[in-house]
Each structure stands twice: as C-alpha cells, then as structure tokens.
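Chemist: Here are the chains, one letter per residue:
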Amino acid sequence: AAGVIQSPRHLIKEKRETATLKCYPIPRHDTVYWYQQGPGQDPQFLISFYEKMQSDKGSIPDRFSAQQFSDYHSELNMSSLELGDSALYFCASSLDTEAFFGQGTRLTVV
Amino acid sequence: AQTVTQSQPEMSVQEAETVTLSCTYDTSESDYYLFWYKQPPSRQMILVIRQEAYKQQNATENRFSVNFQKAAKSFSLKISDSQLGDAAMYFCAYKADSWGKLQFGAGTQVVVTP
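The listed protein sequences derive, respectively, from chains A and U. For the first sequence, position 93 (counting from the first letter as 1) is numbered 93 according to my numbering, and the numbering increases by one without interruption. For the second sequence, position 54 (counting from the first letter as 1) is numbered 54 according to my numbering, and the numbering increases by one without interruption.
By construction, these hints were calculated from the structure, which means they are not laboratory data. Among the hints, erroneous ones may be present.
Claimed, not checked - Part of the chain U face toward chain A, derived, beta carbon under 10 Å:
1) 4
2) 89
3) 98
Stated by the list, open to error - Covered, in the sense of this in silico footprint (three residues per stretch, anywhere, with C-beta under 8 Å from a C-beta of chain U), are these stretches of chain A:
4) 50-60
5) 87-95
On a predicted model such as this, the values are computed, not experimentally measured, just so you know. Beta carbons are placed, not taken as given, at the ideal position from N, Cα and C, and that holds for glycine.
Excised from the complex, chain U in its bound form (with noise of 0.2 Å):
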C-alpha cells in the first residue's frame, strides 16, 4: 500500500504565481521526517525542502514554503513567484528515522507558463 499520495497529477501555474501542491501520508510514527524532492527534466532528484515532525514551526527555502499538518498528516508545498525554472516532477516523500529509506508518492508534474 502507497504511504505517501500525491492526488494531482498535474499542475500548471504562470510565472511570478503561486502554485500549491498537495501530499497526504499514512503513518503511526511520532517522529519521521518529510521531504519534498524535485526531477526536472534531467532526472536530477533535487531535495527542495525538509519538515522533522517533531517541529511545529513550518519549512520555509527561498520561494518554497511548506504547510504541516501532523494531526491531518498533511505536507503541501508552495512555490511563490513561480520562474520558468520551476518546472518539474515533483516528489513528497516519507522517511521513518534518520538512516531509514525514503517512500515516495506519485509525483506531481509542475508546469510553469509564460
């Protein structure tokens, strides 16, 4: 069974908007660790962002911002003022403890647009 869903296939944005992409998990783990990872068309995977559980306060990198929602176990994404260079694959992903492996979901393509 898939522990991390990603419900959007697809997203698309304009450049300088702002995009949110969803990701729910399924855990009975305290403490874990979030991650978002990004494939542009290299097939490069990028860590975009991190979230321990164990912190309240959000993750926030430059135009990349995350919304946590442990008790929803919800871990969206938003990427502000949107540049071409955005565009990619990207992948929420669930890790069990520091050394574990990482689980991700589906993926959502971000299409950025002029």
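The shape of chain A in the complex, shown without the other chains (with noise of 0.2 Å):
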C-alpha cells in the first residue's frame, strides 16, 4: 500500500540558511498536516491543508511558509533557519479520522 513519502530523509543547514520539506500524501487523501518534533518532545502541530486550502494554523513561526499543490504535495519552506529550528518534522495525511504519517525529515541546522 502507498504511504506518506517525505523528502529529503535527512537535512543539513548553516543559520540564517532556506531549507524546503516536500510531501507526498497518500493518493486520495485530502488533508495533509505539518508537524514539529524537538528532541524528547512530543510532535507540535505545525499547519494543515484540506483541499489544497490552508485549513488550520498551528504554532508555526512566520519564517516558516507552507502550500499545497494542485497535484496534493505539500512543501515546507523554512527560512532564516535557526539552531532551535532543529527538529524532526512529520507530514502526515487523511481521508478521513486517521492520520498516516510520514518518516519524516530530520533537520539539522549548524
């Protein structure tokens, strides 16, 4: 069965750097939800899309940008990066009440 597919698996950025997270949903699925996990911390949401319309907001920082395409992936701009900025960061789609998650990405910002 098809999965979330995030890309790339694993990022480096310098400070001050752009970093762009790409996301995959399952086919079908309308819904796609952004997540940031700190080291030892539970996921945050980020940003969700339903429809390709921004359908909630989460604690995102306005550094951070986010869009859904008209094929349904989804892309996470980041700007500016920042060392606390290092996290793992989960895509995860729905149809309905269940979310499946990506493997996420994890970034490392030096």
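Build the complex from these two chains, which are given one at a time in their own frames, with help from the hints.
Modeler: Here you go:
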C-alpha cells in the first residue's frame, strides 16, 4: 500500500539558510498536516491543508510558510534558519479520521 | 495549556507481562477521537489503536486494548503479552473532529525486559 513520502529524509543547513521540505500524501487523501518534533518532545502541530486550502494553523513561526499544490503534494519552506529549528518534521495525510505519517525529515541546523 | 496529559514518563515491563499506560485529556466537546501512537527508535509514528468518543465499547487491536472512561476523561492503553518489539515511546493523542489536528501528550517510554 502507498504511504506518505517525505523528502529529503535528512537535511543539514547552516544558520540563516533556507530549507524546503516536501511531502507526497497517500493518493486520494484530501488533508495534509505538518508537525515538528524537537528532541525528547511530542510532535507539535504546525499547519494543515484541506483540498489545497490552508485549514488550520498552529505554532508555526512567521519564517515558515507552506502550501499544497494542485497534485496535492505539500512543501514546507523554512527561512532564516535558527539552531532551534533542528527537529524531526513529519507530514501526515488523511481521508477521514485516521492520520498516516511519513517517515519524517530530520533537519539539523549548524 | 496541555490538552492531553501522560503522567508516566517511563514504564518497564517484562516480556509476556502486561503494562498499562495512562492518559487523561481535557475537552468540552462531546464527540471527539482518541488515539495511541507508537514511536520506536526509527522515529516512525505508528497508529496503535483509535477510539471514537461516541462509542461506549472499548477498542481492541490484538494485544492492545483501551479503557475509555468518558466521564473521567481517561483513556488508558493496555499492552498484553508484551514483546521486545513493543519497546517504544507511546503517545496519547486527541482530535476534536475528523479533519482536525492531533494534540499529543508528552509520551511514555515503554521498556521491555527479557
């Protein structure tokens, strides 16, 4: 069965650089979520999209932006990276109640 | 404020034994959804079990079962016949509606000893 695909799996950036994380949801899933999980923490909701429109927004810094494209894939753009942005970033997709998670992108800011 | 509370940072269990993880939550909604997710060392988030608040019957998935107490806002997970592969961080999560975001607890690390 198809799963949620995230790329890249690992990313190393320097402070003040920009990063783009990509998410390809399960086919026919209409909702995409982004979560950030810091070391030793629970995942924190960043933003979600339903049918390519932003549906909810959490504690996402103004330096971050995201969008969902016509083919339903989503990208999380992160600018002016800070050391504190180092985390595991999850994308999840759903068609109804159950959210399926990708394997995550581990971002390290040095 | 944290909507979901897991008060046990770590639980240890011997193989073949049973362990129960506790979770409480705060909501004013009457209909909502509750989940337990497992995060092994690979960091993959894996759904273990789900419970719809409107269902009185407790959910069961093989060796995993829940005790859902709606009035007490409690949602505990029981792992029976524990296996080494059950060792992971377990997160309790709340969802207000079917399309909404997940709100996670702080997690409980389950350690399985031979």
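Chemist: Mind listing which of the numbered hints don't hold for this structure, in increasing order?
Modeler: Per hint list: zero violations.
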